[in-house]
Amino acid sequence: MECPNCTFRSIPGSTVCARCGSRLDLDALPVEPPRAGRGVVARRVRPSVRSVLFRVRDAADDLPAGYRALFPDPVPPGTLKWSLVPGGGWRHAGYPRFAAFGFALWAVLLLASFLLVRSAAGWTLLIAAVGFHAFLSTSVFARVMGRWPIHRALLGGVGIYLAVIFGVYAPGAFVLSQVALAIEVPAVHGAQSGIRGGDVVLAQGSLLRDGEVEAGDIVVYRLPRAIAGGYAVASGLAMDRVVGLAGDRIEVREDGVHRNGRLLPPDMAPLRGTRHMVGLSFTVPEENVAILPTLQMWSGNQGVASEASCVPRRLVRGRVFFRIRPFDRAGFLPRPHPETTRP
Amino acid sequence: MTGRFRKLEFAQPRADLAPDLLGATQPLAGTPVRDADHFERAALEAFQAGEFEQALRLYTRCLREDRARIAAWAGQVRMLVELGEHAEARMWADKALETFRGNGELLAAKAQACLREGDTRTAVGASDLAIRSPGASPWRWIARGEVMLVKNRALAPDCFDRALAEPSAGWFERVAIARSHLFHARAAAGLRYLDQALAMQPSQPFIWLTLARCQEALGWHDRALESYARCLQLAPNHAAAKAEVETLTRRGGVSKLVRALGGRFTRVIRR
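Chains as they are written, first to last, in this note's numbering: chain Y, 1 to 343; chain S, 1001 to 1271.
These are calculated hints, taken from the structure and not from any lab test. You may find that some hints are simply not true.
Cβ-to-Cβ under 10 Å is the rule here; a few derived chain S residues that face chain Y [what the hints assert, rightly or not]:
1. T1060
2. D1066
3. R1067
4. L1080
5. L1083
6. K1095
7. E1098
8. T1099
9. C1114
10. R1116
Chain Y stretches covered by chain S per the calculated footprint, using a threshold of three residues with CB under 8 Å from any CB of chain S [to be verified]:
11. 2-12
12. 27-36
13. 55-61
What you are looking at is a predicted structure, and each value in this text was computed from that prediction instead of being measured. The beta-carbon is built from N, C-alpha and C at its ideal position, and this holds for glycine as well.
If we strip away everything but chain Y, and leave its shape as in the complex, we get (with noise of 0.2 Å):
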């Protein structure tokens, strides 16, 4: 048994050159090489993306050894658990310095996303503090990553990053959802005791109500996916102010909201103009409120209006009670007084 590779002659049967340790069995070898495909993808787009990846990598090898001894190598084991916090991979690899700054960074950007919320810069903040912590939690694995083959680099660090979204923002989001919803007020008519469009608000979220709803509260409402009369209307959140409760007779006449024959003083009455709803007449049903509706389309469809006026208790998700913006009028919004929501 000769060795192709070093000539070394193996005991008579053995598969492995006693040698160089090459493969003395090649009968079952396949020698059909691996062929790319002819698209332009495999010819022209791959190439490229894993070239530049090559140079993005060798560009870092050639980095001065003191900015690569800023990495930890190794890293200790449980430091991919805590990189789920942010700078916590770093802390636990024993840079609590690092941890720190990088945690306070990405707080501030978080607070500042969170003030400039429904706004583009609040977006770009937003993404900015979840890059933050991606990177904070990749780049404690920069040196033990830099020995792997670039696509096992390169899959590792997406993993690292989805794990961060999906372990972290995700089920985060979803909690904030659940505890508060942050809405803009939308074009508002007349005076409103405070609240003008354009505000950005804090309305409650499940795991926040303090209680029923009361009449003269802003809520935001889930509204139906279609009304009965063959109208539909768009679903989803909807803000405005409850005029009436269950067994309350509403009239909207000229002059304005009539709650059980009394006239809604001015912050009281919704958010948006009823001069397209003058005649509208209904009784609150159980288990209802009253949120007139502020679509122009009603106008001339009394019964499809009272019936979209009368919102189930079970699709209003809550109260605005925080104004956000503008800062100069940031707190929190006041209730009506019980004298003027009990007639």
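Position chain S against the provided structure of chain Y, taking the given hints into account.
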């Protein structure tokens, strides 16, 4: 077979004769023996003619005959590199190196594949191992020189000279060096090796084809057309040369200028 043919005196296997003397196992006189050597020679001829796809098929055929032929494994990897399938070449080199551990030829081919794929770090490692491994061949130094073209240009000519100092180095190794220069956008430096190759074998169409490509890369379109014409004179059915001539003559002045500038831009980027 019917009964009356059973008594005809065909060459019957006889126990008293050695197997190699039996007529049934012997090829007819004048028929070329289609063994691994034959296919390896044919593959090398195809390689030297610039027909890489055909050479790859012949190397595969050679390996079907004899899987222990390391030159054919290395040849397959080189053909994949020449065909631009660098990732596949690298994968195949790794596969072959699993079988023939530390083989210098395979390591050199792998270094070339990695380098052309852009993975300079692995290419340097493979090339180091190729030089250190027992044995010698021009291909190891050509791969080393190509690595040096990217890593440390000043050392590249020394490596190529070392490759050409090997006893088995001939015109084709010079063409291979020129092709390495051409791939790394240093066509001007490759012309020197092509001149040497032409001095050795002026009747090889592949040298003229490579020369024409270098000239085209440098923006010398008239000279390139002349070289393509020379290639077609020597090999009238050379498909690649025909296609290049057609493209070059159809291309307008602006396109030629853009292509020439593109070549220089690529060179600046790769620096």
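Hints, verified against the model:
| no. | hint | in the structure |
| --- | --- | --- |
| 1 | T1060 | holds (6 Å) |
| 2 | D1066 | holds (9 Å) |
| 3 | R1067 | holds (4 Å) |
| 4 | L1080 | holds (6 Å) |
| 5 | L1083 | holds (8 Å) |
| 6 | K1095 | holds (8 Å) |
| 7 | E1098 | holds (8 Å) |
| 8 | T1099 | holds (5 Å) |
| 9 | C1114 | holds (9 Å) |
| 10 | R1116 | holds (9 Å) |
| 11 | 2-12 | holds (count 3) |
| 12 | 27-36 | holds (count 8) |
| 13 | 55-61 | holds (count 4) |
Checked against the numbered hints above, the structure violates none of them.
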